[in-house]
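Protein chains in written order, with this note's numbering: chain A, 1 to 213; chain B, 1001 to 1213.
Honestly, the hints are just simulated from the structure, not real lab data. For clarity, every value in this text was computed on a predicted model and none was experimentally measured. Treat the hints with care, since some could be wrong.
[What the hints assert, rightly or not] Below, a sample of chain B positions facing chain A; criterion: calculated Cβ distance under 8 Å:
no.: 1; residue: Gly1021
no.: 2; residue: Gly1023
no.: 3; residue: Leu1121
no.: 4; residue: Ala1131
no.: 5; residue: Ala1135
no.: 6; residue: Phe1138
no.: 7; residue: Ala1173
no.: 8; residue: Phe1177
no.: 9; residue: Leu1180
no.: 10; residue: Ile1181
no.: 11; residue: Leu1199
no.: 12; residue: Ala1200
Where is the CB? At the ideal position from N, CA and C, for every residue including glycine.
There are 2 protein chains.
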Amino acid sequence: MSEESADNGATSPAAPRPTVGRGEKVRAAVLTAALAELADVGYAALTMDGVAHRAGVHKTTVYRRWKDRDGLILDALTGRIAGDIPIPDTGTVDGDLRALARGLAAWLDSPAGAAVLTVMLSDAVRAPGVAELRAGIFADRLRRAEPVVVRAVGRGELPPGTDPAEVIKNLAAPLYFRALITGEPVDDHAADRAARAVLAAARHGGLAGPAEA
Amino acid sequence: MSEESADNGATSPAAPRPTVGRGEKVRAAVLTAALAELADVGYAALTMDGVAHRAGVHKTTVYRRWKDRDGLILDALTGRIAGDIPIPDTGTVDGDLRALARGLAAWLDSPAGAAVLTVMLSDAVRAPGVAELRAGIFADRLRRAEPVVVRAVGRGELPPGTDPAEVIKNLAAPLYFRALITGEPVDDHAADRAARAVLAAARHGGLAGPAEA
Chain A
1 MSEESADNGA TSPAAPRPTV GRGEKVRAAV LTAALAELAD VGYAALTMDG
51 VAHRAGVHKT TVYRRWKDRD GLILDALTGR IAGDIPIPDT GTVDGDLRAL
101 ARGLAAWLDS PAGAAVLTVM LSDAVRAPGV AELRAGIFAD RLRRAEPVVV
151 RAVGRGELPP GTDPAEVIKN LAAPLYFRAL ITGEPVDDHA ADRAARAVLA
201 AARHGGLAGP AEA
Chain B
1001 MSEESADNGA TSPAAPRPTV GRGEKVRAAV LTAALAELAD VGYAALTMDG
1051 VAHRAGVHKT TVYRRWKDRD GLILDALTGR IAGDIPIPDT GTVDGDLRAL
1101 ARGLAAWLDS PAGAAVLTVM LSDAVRAPGV AELRAGIFAD RLRRAEPVVV
1151 RAVGRGELPP GTDPAEVIKN LAAPLYFRAL ITGEPVDDHA ADRAARAVLA
1201 AARHGGLAGP AEA
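With the rest of the complex left out, here is chain A (with noise of 0.2 Å):
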């Protein structure tokens, strides 16, 4: 089977898991070698093959498991973020939201995360089907990071009618705005100035769903 190849690392310190099975470790053989490829390549040239190639892997392997190469890509992308950037569970939405926008500003900040917004950006032009891969990249985050804000709600921090997605959107944009435009450091103390802001306008209804706008 062709798919021996990639499960070299069984015995390594980084995958020490007794539950994860082959399946899973060649799935996670793919997506590693997909970044790299598309790293290495940029989003409009990296093809199924390819990957398949990188990944020592046969190409039906790869075909099995994803439809075509976005849904590679994609997978490939929301898997690497979520994995570099947890969902925090700290107890109040002050500690929440500020250990959401560090790990982002983090992300944004590490050569993954600028590899990542580069080849998203920069390949805008050419390949229309990265538009709709951005968009999916956030929904994931979006559907990962909205419980910080509906138990926030919950705990009666936040005012009831609080857009989850709203505050998530606005946590997240002026970190971007940051790397992506005006190119001021993104560190702990931009992270600590968007939790603050967006804290204080979800408190006082400024991030209330349409039915309060």
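We have chain A already, so just place chain B on it with the hints.
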């Protein structure tokens, strides 16, 4: 004088002001040509000679007025954006922030705005100068828009210590975020939501300067 060719439109309805001298018209023609050239060939491939040729002026005319191509491009873009997004003075902070956000949203959603964003971000990888250019453009916007916040603090609508730059950045960020990341509509509705959020944050100290942080 080779600049004569730029004066062909002197009697057209588009340039009726008698106070605009020849030098100003040549300058405007070169800046317009720079924008067209930018849209056609992109940031990296734009040359002073190409702009001069398109404007119908001798290249020494361009070199005499602008030190280098980045200076020319910065002038062209900031001038264009300043014309496209006027700075409001409605008498209230609510009216001003809403008008400013709506102006930015309309611009981001226009072919001109989309073209600028595409050029600025798509060439970012290959052309190092583009980052400084982007920062320079936004610095110009801040200089123009900050009086909106200063006036609001003066009228007592926002607390003393409110950071004008933070307010303007937090107003713009969610709109850029929609345009660049989520792909959601960038319209009056989005603008009004951005204004509402930033106003709630600013009124409750969420956008105070570093000393108040």
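- Item | Unsatisfied constraints (hint numbers, rising) | 1 and 2
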